[in-house]
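Protein chains in written order, with the working numbering: chain A, 27 to 257; chain B, 759 to 967.
Hints listed in this document are in silico derivations from the structure and should not be mistaken for laboratory results.
There could be a bad hint or two in this list.
Unchecked claim - Partner residues aside, some chain A positions facing chain B, computed with beta carbon under 8 Å:
1. S40
2. A43
3. L121
4. T141
5. G142
6. A145
All figures in this text were calculated on a predicted structure; none of them were measured in a lab.
The beta-carbon is built from N, C-alpha and C at its ideal position, and this holds for glycine as well.
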Amino acid sequence: MSAASPSLRLFLRSTGAVFLKDLRSELRTRYAVSALIMFVVTTISIILFSLGSEGASTDALSGMLWVVVFFAAMSGLSRTFVMEEERGTTLTLQLLAPPGAVFFGKLLFNFVLVTGVNAVTVVLYAAFINGFVIRTMSIFVVTVGLGSIGFAAAATVIAAIIARANTRGTLYPVLSFPIILPLLLSVIDATRMASEGAFFGEAAGEFQLLISYIVVVIVSSAMLFEYIWKD
Amino acid sequence: MNPTLRIAGKDLRKEFDRRTVFRDVSFSASAGETLLVTGRNGSGKSTLVKIICGVLSPGSGTLTVTQNADEPPRESRNLFGLVSPYLQLFEEFSAVENLSIAMGIRGMPFDPAAADALLERVAMFPRRHDQVRTYSSGMKQRVKYAFAMIHTPPVLVLDEPMSNLDGDGTAVVRAVMAEQRRRGILVVATNDMSDIETYDGRIDLNERR
Numbered sequence: 027m028s029a030a031s032p033s034l035r036l037f038l039r040s041t042g043a044v045f046l047k048d049l050r051s052e053l054r055t056r057y058a059v060s061a062l063i064m065f066v067v068t069t070i071s072i073i074l075f076s077l078g079s080e081g082a083s084t085d086a087l088s089g090m091l092w093v094v095v096f097f098a099a100m101s102g103l104s105r106t107f108v109m110e111e112e113r114g115t116t117l118t119l120q121l122l123a124p125p126g127a128v129f130f131g132k133l134l135f136n137f138v139l140v141t142g143v144n145a146v147t148v149v150l151y152a153a154f155i156n157g158f159v160i161r162t163m164s165i166f167v168v169t170v171g172l173g174s175i176g177f178a179a180a181a182t183v184i185a186a187i188i189a190r191a192n193t194r195g196t197l198y199p200v201l202s203f204p205i206i207l208p209l210l211l212s213v214i215d216a217t218r219m220a221s222e223g224a225f226f227g228e229a230a231g232e233f234q235l236l237i238s239y240i241v242v243v244i245v246s247s248a249m250l251f252e253y254i255w256k257d
Numbered sequence: 759m760n761p762t763l764r765i766a767g768k769d770l771r772k773e774f775d776r777r778t779v780f781r782d783v784s785f786s787a788s789a790g791e792t793l794l795v796t797g798r799n800g801s802g803k804s805t806l807v808k809i810i811c812g813v814l815s816p817g818s819g820t821l822t823v824t825q826n827a828d829e830p831p832r833e834s835r836n837l838f839g840l841v842s843p844y845l846q847l848f849e850e851f852s853a854v855e856n857l858s859i860a861m862g863i864r865g866m867p868f869d870p871a872a873a874d875a876l877l878e879r880v881a882m883f884p885r886r887h888d889q890v891r892t893y894s895s896g897m898k899q900r901v902k903y904a905f906a907m908i909h910t911p912p913v914l915v916l917d918e919p920m921s922n923l924d925g926d927g928t929a930v931v932r933a934v935m936a937e938q939r940r941r942g943i944l945v946v947a948t949n950d951m952s953d954i955e956t957y958d959g960r961i962d963l964n965e966r967r
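Chain B extracted, bound-state conformation:
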């Protein structure tokens, strides 16, 4: 557990082409907590997820991330792991190669044994050397979990976490969520309340337009 780990958003606002997607969004979450993001289609869940992960800038407001002082500081992009339907893997490479490429680009050392263990966990070990383009959408979703967790991110962000997954895949994701709650912060964006068992804070974007 990271006792000082914390993310906080204050008065976040985002507009596209003068259309306000959301405004006055404030939240905070600390280590061991789960933040739930809900809202109807088009309410800005994915936009907020991208802002939290640092790949999109808010129009106004601030997002701060406090790292655990007891651990070596990380580059801000290496604090987050993201799983979402719109995040694509490098399809001409295998699952193992994708994990190796991800760690290389993050500037972190790649541990093949850790990659194998992760792929075993998401039940993709037997197909780990096949190109991603040959996988079904459910298999790609499973590899995305390995891709998001290979650098053991303090903050794991899941957008529509169960999409394309069968019963076994859903069970794997529930175990991943439970583990992330123990070691860091979990952010889940979904409309399906059956995706998540417990949460500590909730952002309802229907109320922030």
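For reference, chain A alone in the conformation it holds in the complex:
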């Protein structure tokens, strides 16, 4: 066994413990889940009332789905760092965990949260929005999966940055939008392909873009996080 293994095991144990702490806290308080679900239900209701019995183009429906996901994510994913700051437990975590374990633990938590919320969003959207049909399920499932990872990755590092700011409520969506825009454009395009019944291979370009985005965001965030987190 290599010499690095004990350190890696310790790091993974810390990461898992940060994730479990946030998960247990969320299950107990339901701060983020409540905000996210309420946002999703409200927004889908507004879209439903706006469209009425009228249909909309595949492009528009694909776009609206991800608008719901974007703003829902913006209303809930920052909680993971903002709550630590508001409760004064940032120092406690700094004392207990290496910065990387905090980042990856919270990234994992945000991924689980956003995946759950995306699943609820997609089911409600497909059930209630007239004309939204998925013809190539494989493209859609991969898109939602990669989109969830991408959203969680970008949202986690931005949340860490804005948690220290006084105007964190308004700053979060404003700062997130340009960073998440490439992800949004790709997932909207891939969702449109899934709705139109394209072959899986036709969406390969979008998937490559999404994977590249995820890798770049996670690697750069992991490298920068210590500077955001420590001082």
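Here the structure of chain A is known, so what remains is to put chain B in place on it, guided by the hints.
Coordinates of chain B only, in the frame set by chain A:
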């Protein structure tokens, strides 16, 4: 006792927004010794405490920690335990859960019996399963001592150690201090000299501005 355990700061300096909090701070302490940090409000006691614990970087200068060669090496963050008014517990969890979470995040095994013994010692055993949010400020301070000691840190750092504590709590803290002196290094930051009976080195931050 850890005979080779030692912490040493050399020419430490910290600035916030170009305002110098302190400069030229040097000190050292070995196993069995107590380091006292004093200074008026705003002199940087808490800042120095955070630098010693590794959660804040000094602007310049070096801080070195030498571990006891006879013991398995620890991650640097696991060498310190901190009790301070600004260190908050996870309020939606109980005292026992806080200790378990702390050990989990530190990557160390959690021993429920040791946690119970510690909570008994700080007189929080009967309320150990209640959420921290339901505790008084004095009770939270007592749990902070268990939180700081659950991993038996070689260096225990106490900032305003007696804050919010009653007579019984003060007696518990004095016993904790005495035990820490026997097994490692004790660092106390306070303005109240009645908090501490003896010390081996003193940093007066009023002279380091």
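How the hints compare with the structure:
{"no.": "1", "hint": "S40", "in the structure": "5 Å, holds"}
{"no.": "2", "hint": "A43", "in the structure": "3 Å, holds"}
{"no.": "3", "hint": "L121", "in the structure": "6 Å, holds"}
{"no.": "4", "hint": "T141", "in the structure": "23 Å, violated"}
{"no.": "5", "hint": "G142", "in the structure": "20 Å, violated"}
{"no.": "6", "hint": "A145", "in the structure": "26 Å, violated"}
Of the numbered hints given earlier, the model fails hints 4, 5, 6; all others are met.
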